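Those protein sequences? They're chains A, X, W and C, same order as listed. At position 251 of the first sequence the residue is numbered 251 (my numbering), and the sequence of numbers has no breaks. At position 278 of the second sequence the residue is numbered 278 (my numbering), and the sequence of numbers has no breaks. At position 192 of the third sequence the residue is numbered 192 (my numbering), and the sequence of numbers has no breaks. At position 4 of the fourth sequence the residue is numbered 4 (my numbering), and the sequence of numbers has no breaks.
Just so you know, these hints were derived from the structure itself, not from any lab. Source: prediction; values computed, not measured. Treat the hints loosely; a few may be bogus.
[Said to hold, decoys possible] Derived Cβ-Cβ restraints for the label pairs, each shown as a range:
1. W:A51 - X:V414: 20 to 28 Å
2. W:Q452 - X:Q75: 25 to 33 Å
3. X:H222 - W:G350: 21 to 29 Å
4. C:L431 - A:Q64: 22 to 30 Å
5. A:T460 - W:H369: 53 to 61 Å
[As the list claims (entries may be wrong)] Quick list of in silico lysine to any residue cross-link-like pairs, SDA-like style, CA-CA up to 20 Å:
6. A:K341 - C:H37
7. W:K164 - C:H37
8. C:K318 - A:S149
9. X:K164 - X:R125
10. A:K341 - C:G130
11. W:K318 - X:D295
12. X:K341 - W:K164
13. W:K318 - X:P294
14. C:K341 - A:A306
15. W:K341 - X:P294
[Claimed, not checked] From chain W, some residues computed to sit far from chain C (all C-beta separations above 10 Å):
16. T134
17. P294
18. G376
19. S420
A virtual CB, placed ideally from N, CA and C, is assigned to each residue, including glycine.
There are 4 protein chains.
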Amino acid sequence: MMPELDKPHEECGVFGVAANHAQAARQAYFGIFALQHRGQEAAGIAVSDGARLRLHKDVGLVSQVFDEGIIAGLQGHMAIGHTRYSTTGSATAPNAQPMLLDTRHGPVALAHNGNLTNAAQLRQRLMEQGVGFTSTSDTQVMIMMLAASDGGSWMDRITATMAKWQGAYSIVVLTNEGVYAARDPWGLRPLTVGSLPGGGHAAASETGALETIGCDGVREVHPGEVIALHREALIVRQALEPDLRLARCTFEHIYFSRPDSVWDGRVVHDVRYRLGQQLAREMPVEADVVVPVPDSSIPSGLGYSAESGIRFDIGLVKNRYIGRTFIQPSHEMRVQGVALKFNPMPSVLGGQRVVLIDDSIVRGTTMRHLVGMLRGAGAVEAHVRVTCPPIRHPCFMGVDMSTYDELIAHKMSVEEMRISLDADTLHFVSLEGMMTAIGREQGYCNACFTGQYPFEIPETAGKFSLEPMGEGRV
Amino acid sequence: MMPELDKPHEECGVFGVAANHAQAARQAYFGIFALQHRGQEAAGIAVSDGARLRLHKDVGLVSQVFDEGIIAGLQGHMAIGHTRYSTTGSATAPNAQPMLLDTRHGPVALAHNGNLTNAAQLRQRLMEQGVGFTSTSDTQVMIMMLAASDGGSWMDRITATMAKWQGAYSIVVLTNEGVYAARDPWGLRPLTVGSLPGGGHAAASETGALETIGCDGVREVHPGEVIALHREALIVRQALEPDLRLARCTFEHIYFSRPDSVWDGRVVHDVRYRLGQQLAREMPVEADVVVPVPDSSIPSGLGYSAESGIRFDIGLVKNRYIGRTFIQPSHEMRVQGVALKFNPMPSVLGGQRVVLIDDSIVRGTTMRHLVGMLRGAGAVEAHVRVTCPPIRHPCFMGVDMSTYDELIAHKMSVEEMRISLDADTLHFVSLEGMMTAIGREQGYCNACFTGQYPFEIPETAGKFSLEPMGEGRV
Amino acid sequence: MMPELDKPHEECGVFGVAANHAQAARQAYFGIFALQHRGQEAAGIAVSDGARLRLHKDVGLVSQVFDEGIIAGLQGHMAIGHTRYSTTGSATAPNAQPMLLDTRHGPVALAHNGNLTNAAQLRQRLMEQGVGFTSTSDTQVMIMMLAASDGGSWMDRITATMAKWQGAYSIVVLTNEGVYAARDPWGLRPLTVGSLPGGGHAAASETGALETIGCDGVREVHPGEVIALHREALIVRQALEPDLRLARCTFEHIYFSRPDSVWDGRVVHDVRYRLGQQLAREMPVEADVVVPVPDSSIPSGLGYSAESGIRFDIGLVKNRYIGRTFIQPSHEMRVQGVALKFNPMPSVLGGQRVVLIDDSIVRGTTMRHLVGMLRGAGAVEAHVRVTCPPIRHPCFMGVDMSTYDELIAHKMSVEEMRISLDADTLHFVSLEGMMTAIGREQGYCNACFTGQYPFEIPETAGKFSLEPMGEGRV
Amino acid sequence: MMPELDKPHEECGVFGVAANHAQAARQAYFGIFALQHRGQEAAGIAVSDGARLRLHKDVGLVSQVFDEGIIAGLQGHMAIGHTRYSTTGSATAPNAQPMLLDTRHGPVALAHNGNLTNAAQLRQRLMEQGVGFTSTSDTQVMIMMLAASDGGSWMDRITATMAKWQGAYSIVVLTNEGVYAARDPWGLRPLTVGSLPGGGHAAASETGALETIGCDGVREVHPGEVIALHREALIVRQALEPDLRLARCTFEHIYFSRPDSVWDGRVVHDVRYRLGQQLAREMPVEADVVVPVPDSSIPSGLGYSAESGIRFDIGLVKNRYIGRTFIQPSHEMRVQGVALKFNPMPSVLGGQRVVLIDDSIVRGTTMRHLVGMLRGAGAVEAHVRVTCPPIRHPCFMGVDMSTYDELIAHKMSVEEMRISLDADTLHFVSLEGMMTAIGREQGYCNACFTGQYPFEIPETAGKFSLEPMGEGRV
């Protein structure tokens, strides 16, 4: 659960359910539990029994934030939930979700995955109308806009408000009237719905979460769609026309999603497998063993092995219980080689020409460390293969990778990177090869590779000019 | 720290400081520490260094919410603080203060003691303008109105907004520009300012808190006044004309304030002493010993004793370490006489005719228990004397005593009460006698005794129609 | 709950109960709750249902260590409990009581108030026999000796072991066979027993705790006695002859005990009242007002007032909610006069010649501060009167006052102290006067005043040579 | 971190270090961190600076029990650490290790992995000598025996005491004189030592932990050996002759150890790979895909695939963030198929004949669930292969698998199990095949498969007759 220090970070997972029993919160618990990989900093569930909204959220893992007493107290047949990743190391709660607001239309709760690129403008406009904000979060801007909306129903209000939002948003909304799921017209972040076998419907960021709670009839919430979840049915409205430049996030395939999730009709595990195959085709190398960086690159390692005929093996062991340690090794210990995250397998690597498969390189620090580890364990060659192209541009749609400075590929050519990483060869899958592996020619946002964003990005999109408000418990 | 179950409850204490050093938060800590008796449920401090606001607040006693690391992290020369009493037993944080809001005028924090009687209407109006609320607190309505205000300075905005507020409010406001203290034109709740000997100024609900931090030049914030606290000076503006019907809360004398605080120019301890004298004059009785209900009635017991010539003694011992226990005695233990809050002193009470002095009777449950305790310890007569008139009407200005149903004096005559309490005689000080002891003929709100409120109370004043939003951490 | 920094400290309160229901732990909760003033650092309860012992203890106030779930889980008809004061500020648990040990005679739990002066020798002897210890506590030595005892019953084992203990011990012992209360032959620390009205018996350090739970038939456990508590009866054995030099701790009268407790047949409140009278007789002074240091000196203030005819008033206000704050005022704030513990009452003190009554002076720091406070509030004379003689010698029987260095009266004459405290006059009650107020000529330990200990004190009595073992949770 | 419900459980991991700097505790932190897989219930570190022992331990993961402040406070150049698995779900701390005892030889701390089969007798003997115990743990028996030992040095005391212990013990001992590592003469549990590159030596349950902190010169502590760790050297003593029937635990290969650890000279990953190969040779089957139960069976899955030529793929996804959830799905949710631990991959499994590889079957419940999951995801055949023989006998050497009742293989034949699991075929590797994969003919304890224990097991070996002592914090 230690944040993967050199990986892009997804901001959130969302979940919603309309059940035929009063334990919707319990179902939401298992839903966000299955989305824990999308965010480990905070978790929350809001529930409604049709008359009243209740909310519990806090900093921590899903299993830490909730206990049996809390879940039992959250009675109601409708619920939404959220898991949150945060860029700050501090244990502050203010931006935990769902957010809950009392409005003239009654109380409403919102959980959001994504990032509004025009949030700063929208927030400024609301402030000029006299609204104050308790946080700098774009989610609070969104829920305040729902509060201000004139529409006659929540479907209308969500529809009307969506038209003003630019950027990535997959949201679930809870009111005493219903549960709603909505997705931006670019389809940037995933969102899916399904039926519970015994009755009721659920929505989740990933199909894997719906599978976990036993759903069938799973399908995407289409870009621009709003869906009201009911016990008996889904009520669907195409609130906004899907944008012509559909812009699904490629990184859901590369790294974010569970391997068992389906994204854009493709099983993520299978895409990763084909990305490995593609790498083997694009830049073959003579080698003895294919070693994945666990766990996310195991499928691509298998694909590379299958395509190249080079045997696959586990050459790096990951410490799975690492938790969120804030203890740092002393300088002496670092010099002596304290290895926190991975240990090498000399019996697998010794004397071998190794193909090391990883999903992505952001800063390059971890990869440099891993190559050194391979060589220390006796590998005679280290051929690094990466299942996405070089990340040269920041993301403004909800992935924590939002400055140029931190991107090694923004500052170096591939050859410079190879030297910097001390790899014998280095190859990133080509943009075309990646799309081939995905099995699509277009419909994806590849802005972090190409700099071509699906829409114009305001200068203020990266973050607000405000410092975070408050310290500790606020 | 167990809530006094049969006493009226004050809602809060507030504190503000503009210091000539960067440790304003530390000074605020000692300020709210000295106001802990006004609320034990939650505590918070907001601080500004002129560029940024920081906030820390949580459920618990002042000494539990803050530690050295938190205080050290709250750097800045301006601060406000708050202690909160809550009517709910649950450990929820959402209504803890200060509240902090980012606005078009920059961030603002607010701490409030009192209750707006027109909060529901104001809130409704804001909601109709599209504003949503994260809590049902009137404080959030107030801060949101400050955010919406057009004034060119914070002094102007506070002034303009005060005109719309009806009810009790003693507030401190913190922005990056300054610290402000303001009080409603009826003067319902106390608020005072003073100078720090080494430079700087402070405001607090009670003079006792200013004394605790060494202030001199202490004076009231006058009804309707706004005062900007600066390092070098106080900038004073009479924002609203004081209402002709000044309405200071009598209960600050009776029960709420520290005995060392000055309220309306009178030392509270001295008022209480005179209330005891007044009781002795109003309804003399032959008796052997005057026993106060500790701790608040010790001064009035001394006054009663001095006036009547009957000796004073400590006949009831209070368990001072009682904390907030949620363990309940079993039925068996109750029958066996488990006494949690007070123990009687048979050596003081045995064979004696006892005058028992208490400050007030709300439900009557505790007094009934105490009279039984006196008799059990051998008292031959129990003469109950109360230093305020019968409480027959609810309070809508921030005291937790807001329904008729819970008031024994609303349902019974004094004679019926006497029988119900099993007292030999029962006397409440007369309204006139109470005012004599205070030394004023008017200028006080005695609505809880008379039903004559200082202004018209809307039907919605008691509380909002909304249920509290959220459970646990929100 | 802040430790009274300049007072002697009691180490503990103990409680035991044999009930006629399975909720003995609940009764023990209220018992130790009423003994909270004897120790605020840690609390614990052990319970037996006749077949199994269960224990819960932790650092904190009684109300913090236990909640309804914990109490409900401690089923059984026999229980003992303990509250502990600790000299260390750190939050370590290892010395919390009761201690629980499995022995060849079955499990046994022990809670102890006092201090064995020969603990170091006994511990050394056991260690030489091969026993290891998990703490430096004398209580662990005691329970290990019980484990090693050969006697055929717990009564026999306790009896046999007591003969080897020198020093102060009032203990309660729990096994699956019964609950036992025992007291050293010098009677140093209090211990009492009583009957529960509905059946069952209880023991407690003070009668006040037995009164709190409704006991009648309360009497002392006599020095040297062991009493087995049963549902129907008390089984009493004089295990050791009472020592000819009975040595009750005078400080139980002076400061430790609740005013409603009875110690040596005297109500503590009444003794304190007479101590005040005695002071007035011993050293009269012309003055205007008698002011007690709250809360413990209120009864002696009343006595002084009655005897001298000088009026009594509350001139110092104590901050009752002070908690255990670890926040320290900055130097600047100290200079500005931050007053944490007491505030003076200028309306009571101004222009007055004040007699200030306190129970004891250890280091003198608080008294010096109080005298300055009186003068700052306008007092024209400050006459300090103390209800015990000068403390010139350390205590080795369980009071945290165990080095000469910290005792102002060890280093200065009364006149030097008067100058140091800046008092106009200073008088400590005489030893004879104190005993007169108590109403006994002998039978008390006055070693801290006289240096005449009831038995020879080994050099190792003060504390063990060992550092505390472990940090944090052990 | 959820306990693997249908797996055997290791009881502990131990670590010791003698460093050439004062941050031995920090090194111990990373050491037990790398042993977290051996126990997730509690963790502790004891440290010595040569003059004083300090200890910190608590319930929780290593990363939860320690923070920077705690580690920084544990100064000293010698340290031992422990991670603990517990059979109880409750959050009790009493049995956390290291244990610390003050003895006539000075303080000593002990951390232990294993189980003494004669602990009950030894404990009884000590109790008869008058020693009491605060827990039922065999570790406390061990440390109390060290305390009682007469030897002239800690090496002598450890040597002398080891002769009395029967069963599995790999221990580290800390005193102010040194750090010691010792292992039982049967070699049941692993224990290894190595040199820190910059000076100093370390010991750990597994080589993987020594690798993690950068050790070289790693070797086993031989059965029966005691090694004193010094800054400059290892001082080795063969305390007991290795037993002729060496009895290394086979399950370290099968399941317990990290794949990168070396056990008995074999890399655990490689043994697992060969176990997969062996399974393929012993019972070939026509199939389409080899699917491991993640994560421990990935190496054996690769071996099976390599040997059989059937492709390897990831057909089950493990929820890695599952934490220790105590929330249970409702009955409705179970019926609807809530899948907490694993999700199936229909794209891998659909229409396939699947070989499912797992390391062991204890109760059979998880395997039954997994087979159902495979079929639900479209697998047409399910061939279960297990990398150890049927577990028919309990373990008394520290593995939590100590009653016959819970073992499916004790109650059913392989064919009955196959039917019960709903597998098409079921094969457990043969004992001979397993030993072939390990590459040894003897020297292992296979008692759980064969019932042939390395020594006679007393009736009391399984657990003590005592109930656990105490609840909550003791």
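Comparing the hints with the structure gives:
Checked against the given bound of 20 to 28 Å, the beta carbons of A51 of chain W and V414 of chain X, roughly 57 Å apart, lie outside it. Between Q452 of chain W and Q75 of chain X the beta carbons are some 56 Å apart, a value that contradicts the proposed interval 25 to 33 Å. Under the hint 21 to 29 Å, the C-beta atoms of H222 of chain X and G350 of chain W, about 25 Å apart, fit the expected range. With their beta carbons about 43 Å apart, L431 of chain C and Q64 of chain A fall outside the hinted range of 22 to 30 Å.
Checked against the given bound of 53 to 61 Å, the beta carbons of T460 of chain A and H369 of chain W, roughly 56 Å apart, stay inside it. Proximity of K341 of chain A to H37 of chain C is assessed by CA-CA distance (about 14 Å); at most 20 Å being required, the pair is judged to hold. This hinted pair does not check out: K164 of chain W and H37 of chain C have alpha carbons roughly 49 Å apart, beyond 20 Å. With a C-alpha separation of about 43 Å, the suggested pair K318 of chain C and S149 of chain A falls outside the 20 Å cut-off, and the hint is violated.
For the hint linking K164 of chain X to R125 of chain X, the alpha-carbon distance of about 12 Å falls within 20 Å, and the restraint holds. With a C-alpha separation of about 49 Å, the suggested pair K341 of chain A and G130 of chain C falls outside the 20 Å cut-off, and the hint is violated. At roughly 11 Å between alpha-carbon atoms, K318 of chain W and D295 of chain X fall within 20 Å of each other, so this suggested pair holds. The straight-line distance between the Cα atoms of K341 of chain X and K164 of chain W is roughly 41 Å, outside the 20 Å bound, and the hint therefore fails.
A distance of roughly 13 Å separates the Cα atoms of K318 of chain W and P294 of chain X; the hinted pair therefore holds under the 20 Å criterion. With a C-alpha separation of about 28 Å, the suggested pairing of K341 of chain C with A306 of chain A is violated against the 20 Å cut-off. Distance check on the hinted pair: K341 of chain W and P294 of chain X sit about 19 Å apart at the alpha-carbon level, within 20 Å; holds. Here T134 of chain W does not stay apart from chain C, with its beta-carbon only about 6 Å from theirs, under the 10 Å limit.
Every CB of chain C is more than 10 Å from the CB of P294 of chain W (nearest about 34 Å), matching its label as outside the interface. Listed as a non-interface residue, G376 of chain W keeps its Cβ farther than 10 Å from every Cβ of chain C; the least gap is roughly 40 Å. Interface exclusion of S420 of chain W from chain C stands, the closest Cβ pair being 38 Å apart, more than 10 Å.
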